[in-house]
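S.K.: Keeping their order, the protein sequence lines are chains A and B.
Using our numbering, read the first sequence as starting at 1 and increasing by one per residue.
Using our numbering, read the second sequence as starting at 1001 and increasing by one per residue.
It cannot be assumed that every hint is accurate.
Dumping the calculated EDC-like pairs for lysine to aspartate or glutamate here, alpha-carbon to alpha-carbon at most 20 angstroms [said to hold, decoys possible]:
no.	chain 1	residue 1	chain 2	residue 2
1	A	K255	A	D278
2	A	K226	A	D278
3	A	K381	B	E1025
4	B	K1094	A	E336
5	B	K1045	A	D278
6	A	K340	B	E1025
Just so you know, the hints here were simulated from the structure itself, not pulled from any lab data.
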Amino acid sequence: MENIRFKTIKELRYLLDSKQIFISELLQNILNNAALHDKQINSIIELFDKETILEQHKKSSNLLNGIPGLIKDNICQENRLTTAASKILSKFISPNDSTVVSKLKNNGSLLIGRANCDEFAMGSSTETSFYGPTKNPWDLNCVPGGSGGGSAAAVALGLVPYALGTETGGSVRQPGALCGVVGFKPTYGLLSRSGVIAYASSLDQVGINTRTVEDCAIVCSAIAGKDPNDSTTRAPFEQYDYVKNLYTSTMKGKKIAVIQNAINAAGVIPLMKEKIEDALRVYESLGATIEYITLSTMEYSAAIYFIISRAEAASNLARYDGVRYGFRVQADDVQEMVSKTRREGFGSNVRRRILIGNYVLSSGYSDQYYNKAKQVQKLMKNEFLEALKKYDYLCMPVTPEPAFKLGEINTNSLAIDLQDYFTAPANLTGIPGLSLPCGFIDSLPVSFQLMANEFCEQDLFNAGYLYQQATDWHLKRPA
Amino acid sequence: MSTTVSSAEIKKLAHASRIYLEDSEIPAVQSSIAEILNYVQILNKVDTSGIDHNLEKNINVYRVDIIEIYNVEKILKNAPQEVHSSFVVPAVIKKSK
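With the rest of the complex left out, here is chain B (with noise of 0.2 angstroms):
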């Protein structure tokens, strides 16, 4: 099994992860990554077979679906921007140069 992860899925995880990394950094976290990916190879030595973590014991918790009236203020108290009771963002869709 290959513990070694390319420039290229790097970016990739970059860009799910939503972290702006610029090209340089890439070797530094793909050696830091391989070195976990190294260390938990021991996982492989271990039969799991049969071992179905999803097999849980797990109870549903509910609450009644009642609405609830939060206070504005509040939710917007940290906002970086906010104008008319929304939050502000720069534009989604990246404006064509």
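Okay, chain A solo, but in the shape it has when bound (with noise of 0.2 angstroms):
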């Protein structure tokens, strides 16, 4: 039976519906592998027994019958441990699915394990995992990308077609870059959180890391739409067929905009530069024009981020108490209790991020931090937003250079945040975000990334579509 590693939905589907291999057989294989390949890299914290998996298995006609993936750690999967990578919840056992992984289940695909990420998603390295960092599959010395760099890195070592992760300020986005896959971010309100562990509420999305576009659309397709169980979900739609539309889609006329302050910003080395121009003149042949504009608002992004992001986690990681659920330390008072339960149940970096975000809503600090930050979002939104009525794209680095090694940066310093700087716009905005692989620099791979307007999601698709049609990034292993 040939090696499975690296093939795409529609390969796999291919082989399903040829009877060329069967639906057992093909899981088996993806275990084989997972068990021998990610010894070095940690990017799945569980892989689940085949038994379980095909217990679960709900049989249907879509292209994700038999179809495996990944699952991020702080998506509730029913059943199994949700943890968070975080030790408080380190035997948490989820009651129920997300409405994502239910999606996923009815569509037939068989979620094979739980992806590594930092602890409640916070940081942008997967090295605060309570179950040890993720290494990049490209350099063993060099991080993955965070929190989700578990998915990208099992993506990339073509354990799984599609991972799912999710995104606050950039974390499927630039993990996707620093492990060479795509990564995703839907406009905020396509796909539900419910059952995805709250970090920053206005913020959080679940996002998608692939090999190719098309399997990124044929997951979106999946599980987009409206759940009455998250009434922030808006999309217009209660299903929509995001692959279809991909085969005859086309850049002539397309309005491509580069963001030159960001693509010029300090920090990001020439080369990367050079690689997202390169990206643009496949564009240019493609038939789109490209120009370059200013967005103001840029330079605020990491602050915004910074504020709003701890702000809601310091609310949302309150209930995180010993109580119902968890991890809990045994004391004489529910106070000491509780208290010491966090202390210990936590990993430094998120005690550090709450600590700050009940700091800028606390009274007399509020409207200095808390509120300047949501008037500053407002007015980037509203930048962003008018740069998208006279343009489809706006297009911008994903990280200033690749993969940094790990121990390099601090996890409790700022100087790891500002590896948002590129990708929280996307998410402070509200608006979707496509990174894609355009290049090497010394051995590992970069990205660029493109942002459409709402609900957009399409447009994003068919340009990496037929960027990946005329390039061959996505098709390169790591060794």
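Since each chain comes alone in its own frame, lean on the hints to assemble the complex.
M.R.: Structure (structure tokens):
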């Protein structure tokens, strides 16, 4: 039987439909690959056993029937440990499926395990996971990015054709870029957050890592849509097929605006700028026009993100108190129990963010910090949406340079968060973003990103699909 | 605008966050918070007069107010301590020693 590593969804579909392989064999193959190739990478916290995966299989006529996928450890799967890569939830078994997982199961997909991530999805390197860091498949001394490093690394290793992640400031696109795979964040409100462990509720969205844009469109089609369990879902449809329009799409007449104060920002290395401009030349050859614009609110992206994400995290993580679930430190009274539980149960990075979050929300400070940040966020959203009235896409870097080394950036410092500088605007403004591999620097993959207007995911998928038809970066494999 | 946070404020913050903090840990938290507060001063440059972020066009989403019965077993499944279908916690009021 041929090796099914690196196969796309359609390739696997063909093997299954032509009965060259059966679901059970496919699954065994995937599990064997994962056990073999993930030893040094640690992208998967828990690989589920074959029996329970098959027990949960719901036969479907969808493309995804029998197709394996991986789920980030902060997205609930019924009767599975869902720990947000933390100690405080290390024994938490989710009583329910999150909506997106439920939809994947209804489409027949086989969910094979939990992807590693930064604790509570807070970080840009997957170094703060309670279960140890994930390594970059292209260089084991480097980080895979974060918080969703496990999802991106597993896809880069060819273990699964897709992995779900979550984004608050870039946690799917940034690891996608550092691992050389597609990273997609939808419009805020396209995918349900029900059953997704909350970090910053006004920013959180489920995202997808794949090797091909076609696979990304397939998965997105399966999980998009309004959910009565999440009142922030506001897609103007119940279901959408993003796949069928890919094959007839074109870049002719499309206008791409490159954010020049982003591509020229301090820290973006010259080679990175060069790779992005190479990608833009591809789009020009496909018929798009490229213009350069300035979006002045970019300068405030990180500052707004720091404040809003920490404030909302402080609120969302207040529920972890050792009372109804999770790790508990025994004590004589409730106050002591809760304080000591949270002290021991959370890692230092998470504790730090909660403290700062409460500070910027506290009486006397909320105006100058939280309210101010929300106002500047509104300005940023206005500026970005205004630009998207004139242009079909905005383009900028995903990261200033390729993957940095493990341990190089202190995860408690500001520097780790500045990794979100280019990705956070899409989260802060709610617009969708897609990061696409476009080359290598010192043998490490790099990507560029496109953003489009709200609910214009089809435009993003079209642009990504056409780029991958014209280039072969997405076919490169780590050694 | 001051970006230094006093240790008294840190203690209050730790209490509000319900995260136990040793006194020896306070300086590290102070400098960490100061680092971020210094960085975000950049937002003071922005003219936000006339911007009211609360004037978003938000729509309330309602559901019918019906009673839903949940599976008690499921709810208690992850309880650190439970008895008679209730979660058990230590004394709410500190015992006087």
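S.K.: Run every hint past the structure and note whether it holds.
M.R.: Okay, the hints, checked on the actual structure:
Distance hint between K255 of chain A and D278 of chain A is fulfilled; the C-alpha atoms sit about 16 angstroms from each other, no more than 20 angstroms. For the given pair, K226 of chain A sits about 38 angstroms from D278 of chain A by alpha-carbon distance, which is inconsistent with the 20 angstroms threshold. About 38 angstroms separates the Cα atoms of K381 of chain A and E1025 of chain B, which puts this hinted pair outside 20 angstroms; it is violated. Restraint check for K1094 of chain B and E336 of chain A: satisfied, since their Cα atoms lie roughly 9 angstroms apart, inside the 20 angstroms limit.
Our distance criterion of 20 angstroms between C-alpha atoms is broken by K1045 of chain B and D278 of chain A, whose separation comes to about 35 angstroms. Of the pairs offered as hints, the one joining K340 of chain A and E1025 of chain B holds, with about 14 angstroms between alpha carbons and a cut-off of 20 angstroms not exceeded.
This entry does not satisfy hints 2, 3 and 5, going by the numbered hints stated previously.
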